[in-house]
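In case you want the letters, here they are:
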Amino acid sequence: MSSPTKPKGLFGRLFGAKDKPAAPEAETHAVDAAAEPAEAAPSGEAIASGEALAETGPAPLEPAQAVDADAPARAAAAGTDSAEQPAPEPKKGWFQRLKDGLSKTSSKLSSGITGLFTKRKLDGATLDDLEDLLIEADLGVETATRITGAISKGRYEKGISADEVRAILASEVKRVLEPVAHPLVVDASRKPHVILVVGVNGSGKTTTIGKMAAKFASEGHKVMLAAGDTFRAAAIDQLKVWGERTGAPVIARAVGSDASGLAFDALRAATEAGTDVLLLDTAGRLQNKQALMEELEKVVRVLKKIDPSAPHSVLLVLDATTGQNAMSQVEVFARMAGVTGLVMTKLDGTARGGILVAISAKHKLPVHAIGVGEGIDDLQPFDAGEFAKAIAAG
Amino acid sequence: MFQSLSDRLSGVLDKLTRRGALSEADVGEAMREVRRALLEADVALDVVKEFVEAVKAKAVGQEVVKSVTPGQMVVKIVNDELVRMLGSDAEPVDLHASPPVAILMAGLQGSGKTTTTAKIGYRLKNRDRKKVLMASLDTRRPAAQEQLRVLGEQTQVDTLPIVAGQGPVQIAKRALDAARLGGYDVVLLDTAGRTSIDEELMQEVADIKAATNPHEILLVVDSLTGQDAVNTAKAFDARLAITGTVLTRADGDGRGGAALSMRAVTGKPIKLIGVGEKWDALEDFDPKRIAGRILGMGDIVGLVEKAAQNLDIEKAAKIAEKMKKGVFDLEDLAEQLAQMEKIGGAGGLMSMLPGVGKLKSQINEAGINKDVKRQRAIISSMTPKERRNPKVLDGKRKRRIAAGSGTTPADVNKLLKMHMAMADMMKSMGKKGGLMSRMMGMGGGGPSEAELAKMQQELAALDPKALEQLPADLKDALSGARGGSGLSKGLPGLGGGALPKGLPGLGGGPLLPGLGGPKFPGLPGKKK
Ligand SMILES: Nc1nc2c(ncn2[C@@H]2O[C@H](COP(=O)(O)OP(=O)(O)OP(=O)(O)O)[C@@H](O)[C@H]2O)c(=O)[nH]1
Ligand SMILES: Nc1nc2c(ncn2[C@@H]2O[C@H](COP(=O)(O)OP(=O)(O)OP(=O)(O)O)[C@@H](O)[C@H]2O)c(=O)[nH]1
Ligand SMILES: [Mg+2]
Ligand SMILES: [Mg+2]
Numbered sequence: 001m002s003s004p005t006k007p008k009g010l011f012g013r014l015f016g017a018k019d020k021p022a023a024p025e026a027e028t029h030a031v032d033a034a035a036e037p038a039e040a041a042p043s044g045e046a047i048a049s050g051e052a053l054a055e056t057g058p059a060p061l062e063p064a065q066a067v068d069a070d071a072p073a074r075a076a077a078a079g080t081d082s083a084e085q086p087a088p089e090p091k092k093g094w095f096q097r098l099k100d101g102l103s104k105t106s107s108k109l110s111s112g113i114t115g116l117f118t119k120r121k122l123d124g125a126t127l128d129d130l131e132d133l134l135i136e137a138d139l140g141v142e143t144a145t146r147i148t149g150a151i152s153k154g155r156y157e158k159g160i161s162a163d164e165v166r167a168i169l170a171s172e173v174k175r176v177l178e179p180v181a182h183p184l185v186v187d188a189s190r191k192p193h194v195i196l197v198v199g200v201n202g203s204g205k206t207t208t209i210g211k212m213a214a215k216f217a218s219e220g221h222k223v224m225l226a227a228g229d230t231f232r233a234a235a236i237d238q239l240k241v242w243g244e245r246t247g248a249p250v251i252a253r254a255v256g257s258d259a260s261g262l263a264f265d266a267l268r269a270a271t272e273a274g275t276d277v278l279l280l281d282t283a284g285r286l287q288n289k290q291a292l293m294e295e296l297e298k299v300v301r302v303l304k305k306i307d308p309s310a311p312h313s314v315l316l317v318l319d320a321t322t323g324q325n326a327m328s329q330v331e332v333f334a335r336m337a338g339v340t341g342l343v344m345t346k347l348d349g350t351a352r353g354g355i356l357v358a359i360s361a362k363h364k365l366p367v368h369a370i371g372v373g374e375g376i377d378d379l380q381p382f383d384a385g386e387f388a389k390a391i392a393a394g
Numbered sequence: 001m002f003q004s005l006s007d008r009l010s011g012v013l014d015k016l017t018r019r020g021a022l023s024e025a026d027v028g029e030a031m032r033e034v035r036r037a038l039l040e041a042d043v044a045l046d047v048v049k050e051f052v053e054a055v056k057a058k059a060v061g062q063e064v065v066k067s068v069t070p071g072q073m074v075v076k077i078v079n080d081e082l083v084r085m086l087g088s089d090a091e092p093v094d095l096h097a098s099p100p101v102a103i104l105m106a107g108l109q110g111s112g113k114t115t116t117t118a119k120i121g122y123r124l125k126n127r128d129r130k131k132v133l134m135a136s137l138d139t140r141r142p143a144a145q146e147q148l149r150v151l152g153e154q155t156q157v158d159t160l161p162i163v164a165g166q167g168p169v170q171i172a173k174r175a176l177d178a179a180r181l182g183g184y185d186v187v188l189l190d191t192a193g194r195t196s197i198d199e200e201l202m203q204e205v206a207d208i209k210a211a212t213n214p215h216e217i218l219l220v221v222d223s224l225t226g227q228d229a230v231n232t233a234k235a236f237d238a239r240l241a242i243t244g245t246v247l248t249r250a251d252g253d254g255r256g257g258a259a260l261s262m263r264a265v266t267g268k269p270i271k272l273i274g275v276g277e278k279w280d281a282l283e284d285f286d287p288k289r290i291a292g293r294i295l296g297m298g299d300i301v302g303l304v305e306k307a308a309q310n311l312d313i314e315k316a317a318k319i320a321e322k323m324k325k326g327v328f329d330l331e332d333l334a335e336q337l338a339q340m341e342k343i344g345g346a347g348g349l350m351s352m353l354p355g356v357g358k359l360k361s362q363i364n365e366a367g368i369n370k371d372v373k374r375q376r377a378i379i380s381s382m383t384p385k386e387r388r389n390p391k392v393l394d395g396k397r398k399r400r401i402a403a404g405s406g407t408t409p410a411d412v413n414k415l416l417k418m419h420m421a422m423a424d425m426m427k428s429m430g431k432k433g434g435l436m437s438r439m440m441g442m443g444g445g446g447p448s449e450a451e452l453a454k455m456q457q458e459l460a461a462l463d464p465k466a467l468e469q470l471p472a473d474l475k476d477a478l479s480g481a482r483g484g485s486g487l488s489k490g491l492p493g494l495g496g497g498a499l500p501k502g503l504p505g506l507g508g509g510p511l512l513p514g515l516g517g518p519k520f521p522g523l524p525g526k527k528k
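Protein sequence lines, in the order shown, are assigned to chains A and B.
Here the working numbering is used: the first residue of the first sequence is 1, the next is one more, and so on.
Here the working numbering is used: the first residue of the second sequence is 1, the next is one more, and so on.
Excised from the complex, chain B in its bound form (with noise of 0.2 angstroms):
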């Protein structure tokens, strides 16, 4: 699956890397290539509206980085809204509910329903070392049900005895019956094929549904579908509000539009990929590594990766360099908040980092972002003076400010304070040790939670390769802010290490561990 869209899709955007310069005119010429390769694929046309337009709007909003032609740049943010449309992070089929969980299996005719409950049925009790009855209720189509029988018979997973006569409903329940009495964890319940305007059909199978109370029900789907891919996925959504779809045949040559579209449609994850016709040709879903194979250029990728990588040096050097000083004004606080609300807020640069998607929704959830906003306006209703000796604030200074930003005079004492205190760190952080050792000795004149949280976001937001490279006095100063799990565990503010533990390649561990160093998840190899 994707070869050919690959071919397509580099060929189009390796025309555009190798240009100098870029005008509106020569993205918008490429953008239309790509919109044809996509369309050629497969990919729902509306889809592919939103792909393009969602491209030229980063493309053009784009902030310019050292040693990346525009065409690079172009290719990465393709490579990222790949990345968007097939939903950032896999998602595998989910067990979590109480024995037994039923799994409910539906699509059209011939889309490898039957297949791949079997599949499932014999990954999840080999692998998973799950108890698992699969149940046939395709009471239609000629020997069904006897197809799965051979199936679970040849992976050997238990299958309900057939009973000739009954109803698919009511062999759902048997199934679901026979679960609970013989003390089974998962329930697989295959259905017959069904066109998506057969109200009949999908009534039944909504009956299905409402008897069994499935945990997950799955949509399966050939990849080698076309346009129809759409029409399909949005009536099985509406009618039974599916958990995720299944994409099979993705051993063919296909170029796999269908899965392009199917989580834009319906916002759910596809959460496996059927690539062969044994029971064995299960993988599941990883939406970065197929978004790498689709595009086949990630060493363009990795390359833009490195450059912004380099930035982060630069901007880590200066922090840590302050932090040396001791110099930490009202200038380099904006700084710093102006950086967290790029990754909290719009984007650009910072978001196409690999997991900082998932930093922002941190900082969103703890709320921090509005805080910022805030506190940076507070500072540029400030004079450069005033920005850079602080002490000069009396009350008079400090109600034109609180007027000029919106706020009260208490909001500009509380970011006066908050600066103090970072400032107060930084200096003794620049003279003894890390950040650590303070903490530890500090009593309850340091920095509030929230300002050690902010000033983690910073500096966490940073690629830790970026870190690396820098000289070991500076990594120093900054290793002890990014510590991970045991400095928050002390801050109950934060949910228990919940931002270090989001950051790719730390995961709450030790800082910069020896020189290979982390490895970007999903960064794509070098191309084939």
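Extracted from the complex, chain A is given alone in its bound form (with noise of 0.2 angstroms):
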């Protein structure tokens, strides 16, 4: 343990040393390595063939309706997925339920912080547990370092409450997360808002453009989705049934098909469809292997052959589960895809996502919304006030 007088170039040496470059890879998501489709086939091609316009699901509703709480009768009465609609549960107001998810995060740590502040005065060893307890929270040491020294100072040897504690530890994680709290807002003067959606494997993609899909809809967008992940086993199948469910239309081309093939397609099918906004579903990549993360690049690179602007948001997936690797996962992917904001998923189970302020304070990159369950309207806007208060206080 180190203590509060220990110079913090230890840290720095530690932990301030750069991930290294991912070693070039082999493997790859596509069957075969097409070429760049606009180059190998006249654009709109798969259009033409009726093979898009087939896969394309039902008309869009009215957006008023397409989020409603019967959105899951509707899908069952298209008698594709029912046993698969997750049982439908009292519903709770979103903020409650943001509460009830990141407060059961946030309940040891904060006990922790009680127990450790009613016994003792402010010295070195209570500083080294707190920044333990943040540690264990996974803000990453220099974060969970900063914070115990803003808290130690003026305040060193002397007795400091647990409110006080809380108080400060909130305001610390507020002051960075404030300035990165904006929701995503559609843009109107594009047609379509190009939303392009990626991450690793898992982190959950695909439900989160499911619940923006309905959260646009209910907006009274029109929206369209892209299934871009053409390679995992059912994951074109997983994003119709949310196209289902939130009425949008989905673009999709046979499993296997190149990635940045579909979403030309789906950029252009949703240009001609007047879409207010097309969510691009990408397969999930770990952002170490360089051929993946290469394909993505194309993706986008296609995207700007039709619309120079496109993709106009590209938003990279978190699992709050995901611990130090997530500051990685940010680098390489906002390198590589241009990432424009960040969404937590899975913020309603133990984990506490704490590696979001460390993200925060180093890339400032927008965080517009945390996943808290699998449900349909299970998508929060990102509210900083909230998220600290709960992670400090419990």
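In case anyone wonders, no lab produced these hints; they're calculated from the structure.
Some hints could be false.
As the list claims (entries may be wrong) - Simulated pairs of lysine to aspartate or glutamate, EDC-like, Cα-Cα distance not exceeding 20 angstroms:
| no. | chain 1 | residue 1 | chain 2 | residue 2 |
| --- | --- | --- | --- | --- |
| 1 | B | 414 | B | 283 |
| 2 | B | 49 | A | 163 |
| 3 | B | 173 | B | 158 |
| 4 | B | 49 | A | 142 |
| 5 | B | 49 | A | 377 |
| 6 | B | 391 | B | 331 |
| 7 | B | 56 | B | 14 |
| 8 | B | 234 | B | 251 |
| 9 | B | 49 | B | 26 |
Stated by the list, open to error - Derived CB-CB ranges, DEER-like:
| no. | chain 1 | residue 1 | chain 2 | residue 2 | range |
| --- | --- | --- | --- | --- | --- |
| 10 | B | 408 | A | 123 | 53 to 59 angstroms |
| 11 | B | 15 | A | 338 | 36 to 42 angstroms |
| 12 | A | 128 | B | 60 | 20 to 26 angstroms |
| 13 | A | 183 | B | 50 | 39 to 45 angstroms |
| 14 | B | 181 | A | 183 | 50 to 56 angstroms |
| 15 | B | 156 | A | 188 | 49 to 55 angstroms |
| 16 | B | 211 | A | 185 | 27 to 33 angstroms |
| 17 | B | 278 | A | 185 | 37 to 43 angstroms |
| 18 | A | 156 | B | 380 | 39 to 45 angstroms |
The beta carbon of each residue, even a glycine, is placed where N, CA and C say it ideally should be.
Join the two chains, each given in its own frame, into one complex according to the hints.
Pasting the structure below:
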């Protein structure tokens, strides 16, 4: 354990090191390495062949209807996936559920703080223990050190109450998060506003797209989905179910086809249909896989061929259970795919998602929303104050 | 996985190894940095604390080995603690149950359950020639059942037909029925993802377990998981009594802290690791190899092991020399007993040797350890003169020794008889050939089973590589005693050669096979 008088150099040395650039990897999602579609195939070929149109889901419903509570019923009526609908649960307000989710994640932390500060004065060992608690919340060593530093300033060797510590902790966390809390606003001047959704495997991309589709539709936007994960088994079917749930048409190609080709088709189809928002799903990929990251670069490149300003948003979906690796996810996806904002999922579990504090401190990328469940309305705007309070106060 | 943790740890420890002497403060400083490196790698805080304490404790009481710097010694200790933390021996998925053997997969959302199910199915079918049925009990996530069906098609492993409207428990029962009827060896049950605090879903998976009585319950965990790994592992284990874990996405560049924590918090082995999205990207988890990879200091670990070997060479030579001369007094016996106690007991240098852990538990099982303590006490109650020349021991002296050692004169007699038998044996071994030939011609008057067992242990505890380097005649003298299964066969008390078989590289086979010699299992190769 380090004492507060210890030079910060130790942490700098240990944790300031940059992640190494990913080694080239042969791994690829594509069945065969297709050339860029605009060069290989006449634009919109898939549509002309009728394939993409055939895959297109039911016509969008009236926006106001699209995300109302009977969405599951509608999907059931569609007859495809009734067994897969989560059982309807008693609805709680979004805020309440956020708090529930977050308080679960922070109760241990805050009881730890109470234990610490009702007993002891603020000495080196106590600060070390506080630092440990923050580390246990996945804030990362650097951030934990900075926050304990702020808490010790002017208070060293003085008595401090648990409430005071909580208040300082909350304000420190909020200070970092407040500037990055921005909801994702659809740019009405774009038709469509292209949102590319990226992230590592299983982080919650497809589910988040489903939730966002519902949200945008409820705001009156005309939404289209693109099944850009042409690799994973049944990824297309999964997105199609979300299309049914939200009434958004789904553009898809055959399994194994080139993802950038699909992106090209989808943007063209969305433009022609006068769509407001195009949500483009992608296959999960680990950021250290060079070939897969290049695939993503190519998707971006191909979209720009139709609309040089696209994609207008690139959302990185982060799993709250992820530890320090999330930092490197942000770095690499930002570099390779031009990430413009973050969504953090799975905050309804025991994970605290504290890494978001470290990420925000370093990258200052907007955090648009958080996922607090698997259901259609389990997406909430990211509120820095609530997040911070919940971490600090439990 | 592990690469950047490895970089950091070796960075910290490198500094240590270059020092000639180490103060406690030096070790303390290094351990602080090790602690930080582990935390940054997402190792659970409690586990980190325990790890650092264990290393410190071992480093302080460390026997000094010649030609190795204290820092190198610390590296070795860190390595051994890593191995211990990861669970020393690889434990594969177990299928020893009456078919159809059910394997239940559980875990958080998106951890990789469905993919891993298909990977295991593919492996069992193709590598182990099992008839495998896979069933998805995930009625929640969109297209989850379809996902497994497609994976079954791709891997050519059978999947249970999807019946709309059935609940997870119903499907599970149907899967087992189908497996019984279809003569399947294994039925893999993939479940929906769930958070550990979702009571309803945790109850559901408990119900599935109750309905299917799975032989393996595998918790699938993302190796990129942070501190939450312990919450999840504890909660699932508490609810399901998992039999092991699978770590997915080990092909990522995560620092693998979850891997280091899982075993420590659940006590359950990591059985498999997922190293890619494709269905053949599954590997067995070998703790020793992984520890080597994490530390990335195989050269130093090897160096220390070598030094320990050299120490053993000296000891082996001394014993063999005495055997040759037929001189084997009670001092020597005491020394041997001390060595044995070290193996069976607290550890120290010996316990660092690969394979000794196993030997230790075998010694404990055989209950030999208790005797050793008593016997050593008896010898230490003797005067030096008595030890060198046991013949002077009369009834009076024996009573004195018994009183001094808290034993009975009968115990003293037993020890003396054992010593005599051993001394005789040594003498004859020194004269005629190896122990084996002596054994064959030995009548009822030879050493008892237990005595032989002890000798075996003493010799077996020594490094086989060390023994290779002995002069040929000494080797001869020793080889009989290490003859492996042949010797033990006649000794029912030993459980059919259990001891020699447990030794690294010996495997009950012929001793000292050629010049190459047996390779240590898990001895990491050169640093990349
Ligand atoms: N509890 C909880 N589960 C979530 C949340 N978001 C997504 N999930 C679940 O996480 C799992 C993975 O979600 P997906 O949307 O399929 O993730 P993905 O990133 O598209 O996965 P790949 O395409 O395979 O890389 C599913 O079981 C989702 O239901 C959330 O906020 N909370
Ligand atoms: N790189 C890599 N990806 C993996 C590995 N194992 C699984 N995945 C990917 O992780 C994502 C989620 O895997 P699934 O098998 O669907 O996970 P799950 O636990 O069944 O998810 P839910 O059923 O939604 O809870 C998919 O994109 C998989 O391809 C692995 O070892 N390495
Ligand atoms: Mg997906
Ligand atoms: Mg699954």
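Legend entry - Structure-inconsistent hints, enumerated in ascending order: Violated hints (numbers, rising): 1, 2, 5, 8, 16 and 18; every other hint is consistent with the structure.
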